[in-house]
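*Asks:* One line per chain: the protein sequences are A and B, in this order. Numbering-wise, this note's numbering comes out as the position in the first sequence, counting from 1, plus 42. Numbering-wise, this note's numbering comes out as the position in the second sequence, counting from 1, plus 27.
To be clear, the hints were calculated from the coordinates, so they are not data collected in a lab. Be careful, since some hints might not be right.
[Claimed, not checked] If you want the footprint, here are the derived chain B segments under chain A, 3+ residues with CB under 8 Å:
| id | region |
| --- | --- |
| 1 | 35–49 |
| 2 | 61–68 |
| 3 | 73–84 |
[To be verified] With a straight-line cut-off of 20 Å between C-alpha atoms, the simulated EDC-like cross-links for lysine to aspartate or glutamate are:
| id | chain 1 | residue 1 | chain 2 | residue 2 |
| --- | --- | --- | --- | --- |
| 4 | B | 77 | A | 314 |
| 5 | A | 322 | B | 90 |
| 6 | A | 163 | A | 314 |
| 7 | A | 322 | B | 35 |
In this text, a Cβ means the ideal position worked out from N, Cα and C, and glycines have one as well.
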Amino acid sequence: MQLYEAPPVFSVTQLSRYLKELLETDDILQDIWVRGEISGCKSYTSGHCYFTLKDAEAQLPCVFFKNARLRSASPDLRDGMAIAANGRISFYERDGKLQLYVEGVELLGEGALFLRFEQLKARLEAEGLFEAGRKRSLPAQPAVIGIVTSPQAAALRDMLRVLHSRYPLAEVILSPTLVQGAEAPAAIAAALDLLNEHGEAEVIIVGRGGGSIEELWAFNEEVVARAIARSRIPIISGVGHETDFTIADFVADYRASTPTAAAAAAVPDIADWRIDIQDKQQILTDLMEECLSDLHESLERTRRDLQRANPRSLLDRRRQQLDDTTELLQTRLEHILSIRGERLRGASLRLHSLSPLLTIARGYAVVRRDTDSTIITSIQQAQPGDKLTIQVTDGNIPVEVR
Amino acid sequence: MENLSFEEAYARLEAAVAALQDGQMPLERALHFYEEGMRLAHHCDELLQKAELRVQQLSVDREGVHIVEPLELS
Chain A
43 MQLYEAPPVF SVTQLSRYLK ELLETDDILQ DIWVRGEISG CKSYTSGHCY FTLKDAEAQL
103 PCVFFKNARL RSASPDLRDG MAIAANGRIS FYERDGKLQL YVEGVELLGE GALFLRFEQL
163 KARLEAEGLF EAGRKRSLPA QPAVIGIVTS PQAAALRDML RVLHSRYPLA EVILSPTLVQ
223 GAEAPAAIAA ALDLLNEHGE AEVIIVGRGG GSIEELWAFN EEVVARAIAR SRIPIISGVG
283 HETDFTIADF VADYRASTPT AAAAAAVPDI ADWRIDIQDK QQILTDLMEE CLSDLHESLE
343 RTRRDLQRAN PRSLLDRRRQ QLDDTTELLQ TRLEHILSIR GERLRGASLR LHSLSPLLTI
403 ARGYAVVRRD TDSTIITSIQ QAQPGDKLTI QVTDGNIPVE VR
Chain B
28 MENLSFEEAY ARLEAAVAAL QDGQMPLERA LHFYEEGMRL AHHCDELLQK AELRVQQLSV
88 DREGVHIVEP LELS
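With the rest of the complex left out, here is chain A (with noise of 0.2 Å):
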């Protein structure tokens, strides 16, 4: 039985090697999020960056590999900024020092947000995606508006409203995603690629009502701006109010104010039509008016001219000479007339002193045969048993030859 052992002694190496062993097996400590203000804060032209994070009683120096910088998209970090910083700890044996090993910085506090925003912004700038040569023309008539939004939003019964109010024409596909939240960035950028994948819509509203910068903050996120940007159909920003901007705005084709704007900026609106269908009708009604007028017009004219040329006024002026011819002709028969009436009454008074009757009264009388009315002659004429008339001037005297 030993009653003593000596304690073990380790090389400070092999120290070095459990300690590190250590921190590394632990899971906590392999990814961890720390808080604090960066100070003493060196970048090397390797770029790796070394910083001291620190609060008001202790102190953790941190490395910032290049690696991870460039991966995690780190803004420039600088003495007194308020952060908080993800990453393992560990042990660097050769300076006997614990520190952190930093995989990704976020900002903290007052500005951190607005930093971020304009890092990205200009880093998306750099890269062209703000550029005016980008924006795609919004369609003048879409059949089909996709709508990128919370599905129990006030925003969305907002724009539904104007849709139906301006061109209810139009068909809704509402994309519904999230709008706040940590899961909001990459919901509406899958949102996005959906409708894209879909294909129906000619023109997509992104947007969500008013709310506060934190509440917005979805469409300040990178991965929304990249969704935006690869989106084949044409797509118009409407987040919170006029004077918010956000990422999603610079890159949509149509930054509008509002959702809103947004659904009016869609959409042509049909009260436009109905006045210009009026116009039409009364633009119809005018030139059927003047077509019958010019019509009416010329019809008047030809009349007119048809009037002078007129066979019935010929007419009438035959007629005229027909009458004075009539009369004429009337006259001249009436003069002829009586002449020959004259000479008739002259050559009846001729005939009367020849006529057979004027004898007769004399004394002579007509003698006839019964039978045949021959007037006799001559004895040889008549017959014993004849039946004869003789005629004198005052009537006939039938007698019978003995």
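Fit chain B to the known structure of chain A by using the hints.
*Replies:* Showing chain B alone in chain A's frame:
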């Protein structure tokens, strides 16, 4: 005419106006364009009055198939 979409009816309305503006046609043809134009305008206006915004919701099922169904807003 009842089956014409708004776009078709509107295009024909424009054509009727253009034809009538062109002038120089027999009265019967002018009347034809006028009457057709008025009927088309009426049809267009009626379509606009009757139109109802259709609202659908797009989702995707587990097999990745797109589902479009009417959106019911509570």
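*Asks:* Please go over all the hints and tell whether each is borne out by the structure.
*Replies:* Hint check:
| no. | hint | verdict |
| --- | --- | --- |
| 1 | 35–49 | holds (count 7) |
| 2 | 61–68 | holds (count 4) |
| 3 | 73–84 | holds (count 9) |
| 4 | B:77 with A:314 | holds (16 Å) |
| 5 | A:322 with B:90 | violated (52 Å) |
| 6 | A:163 with A:314 | violated (39 Å) |
| 7 | A:322 with B:35 | holds (15 Å) |
Comparing the model with each earlier hint shows violations of hints 5, 6; every other hint is respected.
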